[in-house]
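Chemist: Residue numbers (the working numbering), protein chains in the order written: chain D, 232 to 340; chain G, 1136 to 1743.
Source of the hints: derived by calculation from the structure; they are not laboratory data. Note that CB positions come from ideal geometry on N, CA and C, so glycine has one too. Among the clues, some could well be false.
[Claimed, not checked] Estimated spans, in silico, between C-beta atoms of each pair:
hint, chain 1, residue 1, chain 2, residue 2, range
1, D, Leu-335, G, Trp-1213, 35 to 41 Å
2, G, Trp-1213, D, Arg-282, 21 to 27 Å
3, D, Arg-282, G, Asn-1220, 55 to 61 Å
4, G, Arg-1197, D, Arg-282, 31 to 37 Å
5, G, Trp-1196, D, Met-330, 46 to 52 Å
6, G, Arg-1201, D, Met-330, 41 to 47 Å
7, D, Arg-285, G, Ser-1208, 55 to 61 Å
8, D, Arg-282, G, Val-1650, 39 to 45 Å
9, D, Asn-261, G, Trp-1213, 30 to 36 Å
10, D, Asn-261, G, Arg-1197, 14 to 20 Å
11, G, Ser-1208, D, Arg-282, 56 to 62 Å
12, G, Lys-1231, D, Asn-261, 16 to 22 Å
13, D, Lys-337, G, Trp-1196, 46 to 52 Å
14, D, Asn-261, G, Arg-1201, 34 to 40 Å
[As the list claims (entries may be wrong)] Residues from chain G that keep clear of chain D, each with C-beta distances beyond 12 Å, as calculated:
hint, residue
15, Gly-1173
16, Phe-1175
17, Glu-1177
18, Ile-1178
19, Arg-1201
20, Arg-1214
21, Asp-1271
22, Pro-1300
23, Pro-1350
24, Leu-1351
25, Leu-1352
26, Val-1439
27, Leu-1603
28, Ile-1669
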Amino acid sequence: MTNLLTQTEEMIMVTVWSFQNSAYCVPIRNHLNKISKKEWSLGAVYDSLERLERKGYLMSNMSEPSGERGGRSKRLFKLTAAGKKTLVQIRRIQETLWMGIEDLEKESR
Amino acid sequence: MNNRKAKRSVRGKKTPPQPARWLLHRIHRDNGHYSHVGDFEEIYHDMAVAKGRPKASAWYWRQVLRSLPGYLSNNLYWRLAMLKNYFIMSLRNIFKNKWFSFINIAGLAVGMACFLLIVAYVRHEFSYDRFFEKGDRIHRLLIGDADIQGRVESFDSNTPYVLAPLLKEEFPEIANTCRIYSVTRNNAVLQWEKNVHFAGGTYADTQFLNVFRYPLLAGSAVNALEEPNTMVITRSLAEKIFGTTDPFHQIITYREGSRTYDVKVTGMIADPPQNSHLQFDFLLSTQTQEADERWKFQFNTWNVGNFITYIELSPGTSAADVEAKFPDFIKKHRAVDEKDINKTRISLQPLQDIHLRSNLSRERATNNEIRYIYLFGTIAVIILLIAGINYMNLTTARSTTRAREIGIRKVTGANHRQLFRQFIGESVFTALLAAALAVGLIHLFLVPFRKILAVDLKPGDLLNPSQLLIIFATALTIGILAGIYPAFVLSSFQPVRVLRKDITSGRRSPWIRSVLVVLQFSASIVLLIGTIVISRQMKFIQKQDLGYDREHVVILPLREAEGRKNAPLIKKELLQHPEIQDVSVSSGMPLNIRSTLMGVKITNDEGN
């Protein structure tokens, strides 16, 4: 039985994966804002990231301090092996769920 | 998105408002989320570029302020939790070394007790005559004779009766004046029906009760002393003479020296408080004397000064301005000698200066001197200092016993500042315990203290709110000041060396402690020597052989004219008593030097 993710968590994990090595809070949030056309609060992002890390799907490390951020280091997130596996599983489930969904768009017109 | 794209030129960097940024930093500093501050800066920059600075700053501030309550409540919770731990640790420490703690706390308590007693005394002395409603506007009139150079050698408070009304008339700045007879009649005998009592008091004019607003329990201040042969008495005198009868309008026979008057009681006031230079059991109206043929002469002349004049200035006027007009006033009213320039000078002395700063040749009450007050104050501070230094030394000496606790604390994450605060808190706690003990000690020593200083300090005086505040403030101050050094030493133990039992931290420079000990000893020795010298001096004064035997000698003052007339009869009666060895009568006491100069004519044998 796979552990399901909430939609938020899922979106975040996908974003982290797409950013490869430079996923930290700010670009993740910007990306999500752009795509979902909604203003994500910092709390939501931070919280989910922490939760995912606690669950073992993400791991974080602090980067070198960078001059542009007033000398603060960034907390970079990366998918763990478990995280990748879970993501793939979820994707499969969704593909199965959403099979033949081209008709929905036609119906909702 | 890679790092290259995220690079921006530092020059175009928009930084968030400083105060908000500082707050954010503070909030996140302790929970290790350093990245948050940086994240916020990036977002701010992006927002500032996109929507302009004001909107970005508004957002930034909003984020910061919204994180504040959570941070504060979290902080508070943990702080309280630590406080509980510190408190328990303090208690445990105190009980672990019972004797040491006892010596430490007791030492501090004794020092504080001395300090607080002296402070109470000093405050009492400063409080003289301050309870009068118009106290800061009342002045005593001083008069003096100037020498050729115009300087007055010494002022006197005995002024002529006529001065007051003249001053009131001519100076609009003077709201009111009043006079009392300068000699206190301590030998007065008051009799009502069968009750005979001794009492002391003086004559006061009609305005006295208006200037000095003693609250009247019976009668009215306006007219109580208007008529001749009227008297205002104090409540305790009323109780002594009249018991439960209402004294108002009763007739008392007043006998004093050669005067006898039948006076009517026209008023009653509460007893004058002890912290006032005016003390009396009764006030007779000056009209009583004025109506008496024998004493009328004092009332119309400049040449007899038997009254103390008090001046009440109008609000907002300055004594200096009024004094400046005095020379002209004197010139106007005093006839100028042909030979000498006008010699009389008058000046004003503030009422509230009388007790501590007045040293005229004839004062109504025994005044204190401000010098002694300063001296007492200094001694009090020295004693407290000694106690504080003592505490410092004792605590640092024992610091090694806490070394392991400190080591563990540091290892488990306490930082320097937290430890410092812990130990300061401990010494404040100790100081408060010492203060509690000190209050007990004060009450224990109150009675002898009162006797020595002849002050009336009741236990109630020492527990009123302002005094308690002083006690608390003293404990707090001494706790903090004396605790700084030990706290500093203790919080600087290095955990590694401590846990390895290598506690010889070269940090503690031995010379600080030596200096403190030396200081402490010198101050103590100085005080001890002073005490011994004074005590021996006092013993000397008391035990010195004066040429006569003072033991078993009793003095009986004969107060009235009748008594004096019958002196030989009294002597005969007394000699008949088996326990009385001998009796003699004299017009003055050998101890009391008061001489009047009367002309003595010496005739030689030829009658020249």
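Chemist: Which hint numbers does the structure go against, in order from smallest to largest?
Modeler: 1, 3, 4, 7, 8, 11, 12, 14, 15, 16, 17, 18, 19
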